[in-house]
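Residue numbers (this note's numbering), protein chains in the order written: chain B, 1314 to 1495; chain D, 1314 to 1495.
Derived from the structure by calculation, the hints contain no laboratory data.
Take the hints with a grain of salt, since some may be wrong.
Unchecked claim - For lysine to aspartate or glutamate, the following EDC-like pairs were computed, each having C-alpha atoms within a straight-line distance of at most 20 Å:
#	chain 1	residue 1	chain 2	residue 2
1	D	LYS1347	B	ASP1453
2	D	LYS1335	B	ASP1330
3	B	LYS1493	D	GLU1465
4	B	LYS1335	D	GLU1340
5	B	LYS1392	D	GLU1352
6	B	LYS1420	B	ASP1396
7	B	LYS1375	D	GLU1320
8	D	LYS1493	B	GLU1465
9	D	LYS1335	B	GLU1340
10	B	LYS1347	D	ASP1453
11	D	LYS1347	B	GLU1454
12	D	LYS1347	B	GLU1457
13	B	LYS1335	D	GLU1326
14	D	LYS1375	B	GLU1423
15	D	LYS1335	B	GLU1326
16	B	LYS1392	B	GLU1423
17	D	LYS1375	B	GLU1320
18	D	LYS1392	B	GLU1352
19	B	LYS1347	D	GLU1454
20	B	LYS1335	D	GLU1352
21	B	LYS1420	B	GLU1492
22	D	LYS1434	D	GLU1352
23	D	LYS1375	B	ASP1317
24	B	LYS1375	D	ASP1317
Here is how the chains run, residue by residue.
There are 2 protein chains.
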Amino acid sequence: MKTDLIEIQLNSEIMADGLLLKAWRDEVRLPNGKTAVREYLRHPGAVVMIPVFPNGDTMLVKQFRYPLRQTFIELPAGKLDGDEPIEVAARRELIEEIGYEPLRLEKIAEFFPCIGYSNEKMWLFIANDLKAATLKPDHDEFLEIMRLPFSEAVSMALHGQITDMKTICGLLLGRQYLEKLA
Amino acid sequence: MKTDLIEIQLNSEIMADGLLLKAWRDEVRLPNGKTAVREYLRHPGAVVMIPVFPNGDTMLVKQFRYPLRQTFIELPAGKLDGDEPIEVAARRELIEEIGYEPLRLEKIAEFFPCIGYSNEKMWLFIANDLKAATLKPDHDEFLEIMRLPFSEAVSMALHGQITDMKTICGLLLGRQYLEKLA
Chain B
1314 MKTDLIEIQL NSEIMADGLL LKAWRDEVRL PNGKTAVREY LRHPGAVVMI PVFPNGDTML
1374 VKQFRYPLRQ TFIELPAGKL DGDEPIEVAA RRELIEEIGY EPLRLEKIAE FFPCIGYSNE
1434 KMWLFIANDL KAATLKPDHD EFLEIMRLPF SEAVSMALHG QITDMKTICG LLLGRQYLEK
1494 LA
Chain D
1314 MKTDLIEIQL NSEIMADGLL LKAWRDEVRL PNGKTAVREY LRHPGAVVMI PVFPNGDTML
1374 VKQFRYPLRQ TFIELPAGKL DGDEPIEVAA RRELIEEIGY EPLRLEKIAE FFPCIGYSNE
1434 KMWLFIANDL KAATLKPDHD EFLEIMRLPF SEAVSMALHG QITDMKTICG LLLGRQYLEK
1494 LA
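All chains, full assembly: derive it from the sequences and hints.
Written out as structure tokens, the structure is:
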């Protein structure tokens, strides 16, 4: 089973150039010498934040997600804007989504939500020293903000009340990190 | 903040009809009455399995993922084939990817990897009573199989050596479930 696993790009063409979705179709050479087609999205990357208040609370947002036609409970998160540094995106999204500016951000993990068909990468931050700021919502984004104990959010992730994968991952990795500090 | 969050479909058109990727562009009515465009993928859904051997080992697979141009360590997983029931898909993918047939499957969670732009749903199974079967690999899928203690796989997920989100989620939710049984 020690075959080389790498696939080599032979050519690449855009198959959908949407406002949000940019899909590509590449022809590749497989490890066995055959060719195959790979279709995938190119994505700017995203940040996911765990707000942590001094009393142990966190904040989640409830949001309607059109692809699934249902609301989800999520950690605050958002896409990078152009060449924006990840810390700048994390601060911007927290102000936009929950109305708090983090004076200290710690990056604790990096992960990939959708490796089969998207190059999206996510960076996970703990957001500390939260200072109330004016909510600056995205003009077509509708959110409900929930403030609750971090341990309760973790319990919701473990018991199926939270089903968004970045939020489950973020809360469970965040728990590990915060417990090690404690 | 008690705005209704729901977005209503006004119309829908396909924007990319690939071999793998099916992308749609819908016009929607927002809670504030304005209209907006939503672009997203329609996906058949997928299964993710945690193989569990009597001695406490699990099996992961190492696979090159073209969208990121790198190899990832993953739980065995795969897309549903047409109308295939999820247990059938789970059994088929385990035989294809690791060469073991599970005589008992327990579904322990459901989650969504990519709610911003895909309707993909994933079902997570614990795969028990594994019986050696003939490996039936997909003809253009190249894998390396790793057998290791489940606890070691969990540790890799907690320490950044595993960065595939479904695998992090699967292992951390699986740990919770298996520890409750123990």
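Right, here's what the structure says about each hint:
At roughly 8 Å between alpha-carbon atoms, LYS1347(D) and ASP1453(B) fall within 20 Å of each other, so this suggested pair holds. The straight-line distance between the Cα atoms of LYS1335(D) and ASP1330(B) is roughly 13 Å, inside the 20 Å bound, and the hint therefore holds. Note on LYS1493(B) and GLU1465(D): the hinted pairing holds, with a Cα-Cα distance of about 18 Å set against a maximum of 20 Å. Of the pairs offered as hints, the one joining LYS1335(B) and GLU1340(D) holds, with about 18 Å between alpha carbons and a cut-off of 20 Å not exceeded.
At most 20 Å may separate the alpha-carbon atoms for a hinted pair to count; LYS1392(B) and GLU1352(D) meet this at roughly 15 Å. For the given pair, LYS1420(B) sits about 18 Å from ASP1396(B) by alpha-carbon distance, which is consistent with the 20 Å threshold. This hinted pair checks out: LYS1375(B) and GLU1320(D) have alpha carbons roughly 14 Å apart, not beyond 20 Å. Distance check on the hinted pair: LYS1493(D) and GLU1465(B) sit about 18 Å apart at the alpha-carbon level, within 20 Å; holds.
Proposed proximity of LYS1335(D) and GLU1340(B) is supported: the alpha carbons are some 18 Å apart, at most 20 Å. Annotation: proposed proximity of LYS1347(B) to ASP1453(D) holds, straight-line Cα distance about 8 Å (limit 20 Å). Note on LYS1347(D) and GLU1454(B): the hinted pairing holds, with a Cα-Cα distance of about 11 Å set against a maximum of 20 Å. For a cut-off of 20 Å, the pair hint linking LYS1347(D) to GLU1457(B) stands: about 19 Å separates their Cα positions.
Straight-line distance between C-alpha atoms of LYS1335(B) and GLU1326(D) comes to about 16 Å, which keeps the hinted pair within the 20 Å bound. Simply put, LYS1375(D) and GLU1423(B) have alpha-carbon atoms about 18 Å apart, close enough for the 20 Å limit, and the pair holds. Annotation: proposed proximity of LYS1335(D) to GLU1326(B) holds, straight-line Cα distance about 16 Å (limit 20 Å). For the suggested pair LYS1392(B) and GLU1423(B), the alpha carbons sit about 14 Å apart, so the restraint of at most 20 Å is met.
As the CA atoms of LYS1375(D) and GLU1320(B) are separated by approximately 14 Å, the hinted pair is consistent with the 20 Å bound. Between LYS1392(D) and GLU1352(B) the alpha-carbon distance is near 15 Å, which keeps this suggested pair within the 20 Å criterion. Between LYS1347(B) and GLU1454(D) the alpha-carbon distance is near 11 Å, which keeps this suggested pair within the 20 Å criterion. For the given pair, LYS1335(B) sits about 10 Å from GLU1352(D) by alpha-carbon distance, which is consistent with the 20 Å threshold.
A C-alpha spacing of about 16 Å is found between LYS1420(B) and GLU1492(B), which places the hinted pair at or below 20 Å, so the restraint holds. The hinted pair formed by LYS1434(D) and GLU1352(D) meets the criterion: a straight-line CA distance of about 17 Å does not exceed 20 Å. Taken as a hint, the LYS1375(D) and ASP1317(B) pair is honoured in the structure, with Cα atoms around 11 Å apart against an allowance of 20 Å. Straight-line distance between C-alpha atoms of LYS1375(B) and ASP1317(D) comes to about 11 Å, which keeps the hinted pair within the 20 Å bound.
The structure meets every hint from the earlier list without exception.
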